[in-house]
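Participant: Take the given structure of chain E and dock chain Y to it, following the hints.
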Amino acid sequence: MATYSLANERLRALEDIEREIGAILQNAGTVILELSKEKTNERLLDRQAAAFTASVQHVEAELSGQIRYLTQVATGQPHEGSSYSSRKDCQMALKRVDYARLKLSDVARTCEQMLE
Amino acid sequence: MAQQRALPQSKETLLQSYNKRLKDDVKSVMDNFTEIIKSAKIEDETQVSRATQGEQDNYEMHVRAANIVRAGESLMKLVSDLKQFLILNDFPSVNEAIDQRNQQLRALQEECDRKLIALRDEVSIDLYELEEEYYSSRYR
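Top to bottom, those sequences are chains E and Y.
The opening position of the first sequence corresponds to residue 10 in my numbering, with each subsequent residue numbered one higher.
The opening position of the second sequence corresponds to residue 4 in my numbering, with each subsequent residue numbered one higher.
Certain hints may be false.
[As the list claims (entries may be wrong)] Calculated lysine-lysine pairs in the DSS-like style (CA-CA distance at most 25 Å, straight line):
1) Y:K26 x Y:K86
2) Y:K30 x Y:K86
3) Y:K26 x Y:K41
4) Y:K23 x Y:K80
5) Y:K14 x Y:K86
6) Y:K41 x E:K46
7) Y:K44 x E:K46
8) Y:K80 x Y:K14
9) Y:K26 x Y:K80
10) Y:K26 x Y:K14
11) Y:K41 x Y:K30
12) E:K112 x Y:K118
13) E:K104 x Y:K118
14) Y:K30 x Y:K44
15) Y:K86 x Y:K23
16) E:K48 x Y:K44
17) E:K48 x Y:K41
18) E:K97 x E:K112
19) Y:K30 x Y:K80
20) Y:K118 x E:K97
[Said to hold, decoys possible] Using C-beta positions, here's what the derived DEER-type ranges look like:
21) Y:R53 x E:G74: 40 to 50 Å
22) E:R110 x Y:Y137: 16 to 26 Å
23) E:S114 x Y:N98: 35 to 45 Å
24) E:K46 x Y:D47: 20 to 30 Å
25) Y:R117 x E:Y93: 18 to 28 Å
26) E:Q122 x Y:R117: 24 to 34 Å
27) Y:L91 x E:E27: 15 to 25 Å
28) E:L54 x Y:A110: 55 to 65 Å
29) E:Q66 x Y:V51: 33 to 43 Å
30) Y:F94 x E:V116: 44 to 54 Å
31) Y:D84 x E:R118: 54 to 64 Å
32) Y:E63 x E:N50: 19 to 29 Å
33) E:S91 x Y:N22: 27 to 37 Å
[Claimed, not checked] Just some of the chain E residues that point at chain Y, by a computed CB distance under 10 Å:
34) N17
35) E18
36) I41
37) R77
38) Y78
39) L103
40) R105
Don't read these hints as lab results, they were simulated from the structure.
For every residue, glycine included, the Cβ atom is placed at its ideal position computed from N, Cα and C.
Excised from the complex, chain E in its bound form (with noise of 0.2 Å):
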């Protein structure tokens, strides 16, 4: 199956953009837990924290980058294209070629009756 990579690599882009945000919320709550501990560990604190400060500015610069892309190449008017014409003459084929599959099992089923 062929890969359709420009397409995908965007909404792949924005897949990874889901999933940091789904970090950035662990992040945070990792950090206020840590907070809530009578002895912190400081070091995971400064850690999950800075984590959780670049998570959020570079969901924001990806997020801004992908707006901006969409500003530029965005025109308001719905695609027309469509594959149909050759999805249609691929399925013709296809039917050639069961036909022709039909008709050879026809042949090779009254060549088996002559020689019984």
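Facilitator: Coordinates of chain Y only, in the frame set by chain E:
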């Protein structure tokens, strides 16, 4: 250099609203998180009793945590809307996807036709022999 086309008002308004939602949600996450960290600080002197202050801080943290989660969900919705907008309006990608699909289908069709032609050539040779056998037999 990309040229800024004149978008219809609705699309331009929509993209501006996406930008606004993004900025608002990110600001909400950062502000609420910062305020939670600030309120975790233990004050020596409070205007109300420690118990009351503790209850107030507890309630404030709950509300701010809920705000962070709401902003996170709003960001997820924004990403979903952007995916939908991308699929419908990113013409370069849609054009490439259509071209690839057309090439794939055309290649399959040519393969089928090529194999059918080869089959026709083989079967015609066998049919010739079968016809000879049939017409020289007593069953014709």
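Participant: Hint by hint, note whether the structure agrees.
Facilitator: Evaluated hints:
1. Proximity of K26 (chain Y) to K86 (chain Y) is assessed by CA-CA distance (about 18 Å); at most 25 Å being required, the pair is judged to hold.
2. A distance of roughly 22 Å separates the Cα atoms of K30 (chain Y) and K86 (chain Y); the hinted pair therefore holds under the 25 Å criterion.
3. For the suggested pair K26 (chain Y) and K41 (chain Y), the alpha carbons sit about 22 Å apart, so the restraint of at most 25 Å is met.
4. Between K23 (chain Y) and K80 (chain Y) the CA atoms are separated by roughly 14 Å; this keeps the pair inside 25 Å, and the hint holds.
5. Using a Cα cut-off of 25 Å, the hinted pair K14 (chain Y) and K86 (chain Y) holds, with the two alpha carbons roughly 15 Å apart.
6. Only pairs whose Cα atoms come within 25 Å are accepted, and K41 (chain Y) paired with K46 (chain E) is accepted, the gap being roughly 16 Å.
7. Between K44 (chain Y) and K46 (chain E), the direct Cα distance comes to roughly 13 Å. Compliance with the 25 Å bound is thereby established for this hinted pair.
8. Restraint check for K80 (chain Y) and K14 (chain Y): the C-alpha separation of about 18 Å stays at or below 25 Å, so the hint holds.
9. For the given pair, K26 (chain Y) sits about 14 Å from K80 (chain Y) by alpha-carbon distance, which is consistent with the 25 Å threshold.
10. Under the criterion of a C-alpha separation no larger than 25 Å, the hint pairing K26 (chain Y) with K14 (chain Y) is consistent with the structure, at around 19 Å.
11. With a C-alpha separation of about 16 Å, the suggested pairing of K41 (chain Y) with K30 (chain Y) holds against the 25 Å cut-off.
12. Restraint check: the Cα-Cα separation between K112 (chain E) and K118 (chain Y) comes to about 16 Å, which is no more than 25 Å; the hinted pair holds.
13. With a CA separation close to 13 Å, the supplied pair K104 (chain E) and K118 (chain Y) stays within the 25 Å bound.
14. Note on K30 (chain Y) and K44 (chain Y): the hinted pairing holds, with a Cα-Cα distance of about 22 Å set against a maximum of 25 Å.
15. The straight-line distance between the Cα atoms of K86 (chain Y) and K23 (chain Y) is roughly 17 Å, inside the 25 Å bound, and the hint therefore holds.
16. The suggested pairing of K48 (chain E) with K44 (chain Y) holds, with an alpha-carbon distance near 15 Å, which does not exceed 25 Å.
17. Taken as a hint, the K48 (chain E) and K41 (chain Y) pair is honoured in the structure, with Cα atoms around 18 Å apart against an allowance of 25 Å.
18. A threshold of 25 Å between alpha carbons decides the hint, and for K97 (chain E) with K112 (chain E) the separation of about 23 Å falls inside it, so the pair holds.
19. The hinted pair formed by K30 (chain Y) and K80 (chain Y) meets the criterion: a straight-line CA distance of about 16 Å does not exceed 25 Å.
20. For the hint linking K118 (chain Y) to K97 (chain E), the alpha-carbon distance of about 19 Å falls within 25 Å, and the restraint holds.
21. The beta-carbon spacing between R53 (chain Y) and G74 (chain E), approximately 48 Å, falls within the hinted interval of 40 to 50 Å.
22. Separation of R110 (chain E) from Y137 (chain Y) is about 23 Å and conforms to the stated range, judged on CB atoms against 16 to 26 Å.
23. A beta carbon spacing of about 42 Å between S114 (chain E) and N98 (chain Y) agrees with the range 35 to 45 Å that was offered as a hint.
24. In this structure, K46 (chain E) and D47 (chain Y) meet the distance hint of 20 to 30 Å, their C-beta atoms being roughly 21 Å apart.
25. Distance hint check: the CB atoms of R117 (chain Y) and Y93 (chain E) are about 23 Å apart, consistent with the given range 18 to 28 Å.
26. For Q122 (chain E) and R117 (chain Y), the hinted distance range of 24 to 34 Å is satisfied, since their beta carbons lie about 32 Å from each other.
27. For L91 (chain Y) paired with E27 (chain E), a C-beta distance near 19 Å keeps the hint of 15 to 25 Å intact.
28. Checked against the hint of 55 to 65 Å, the pair L54 (chain E) and A110 (chain Y) passes, with Cβ atoms roughly 58 Å apart.
29. At about 37 Å, the CB distance of Q66 (chain E) to V51 (chain Y) agrees with the hint of 33 to 43 Å.
30. In this structure, F94 (chain Y) and V116 (chain E) meet the distance hint of 44 to 54 Å, their C-beta atoms being roughly 51 Å apart.
31. With their beta carbons about 59 Å apart, D84 (chain Y) and R118 (chain E) fall inside the hinted range of 54 to 64 Å.
32. At about 25 Å, the CB distance of E63 (chain Y) to N50 (chain E) agrees with the hint of 19 to 29 Å.
33. The hinted window of 27 to 37 Å between S91 (chain E) and N22 (chain Y) holds, with their beta carbons roughly 32 Å apart.
34. The closest approach between the C-beta of N17 (chain E) and any C-beta of chain Y is roughly 8 Å, which is under the 10 Å cut-off, so the hint is satisfied.
35. The interface hint given for E18 (chain E) is met, as the beta carbon of that residue sits about 8 Å from the closest beta carbon of chain Y, less than 10 Å.
36. Checking I41 (chain E) against chain Y: minimum C-beta separation of about 6 Å stays under 10 Å; hint holds.
37. Hint status for R77 (chain E) relative to chain Y: holds, with the closest Cβ pair at about 9 Å, below 10 Å.
38. Against a cut-off of 10 Å between C-beta atoms, the interface hint on Y78 (chain E) holds, since the closest Cβ of chain Y lies about 8 Å away.
39. Taking 10 Å as the C-beta cut-off, the interface hint given for L103 (chain E) holds, the closest approach to chain Y being about 6 Å.
40. Because the smallest distance between the Cβ of R105 (chain E) and any Cβ of chain Y comes to about 6 Å, under 10 Å, the interface hint for this residue holds.
Of the numbered hints given earlier, the model fails none.
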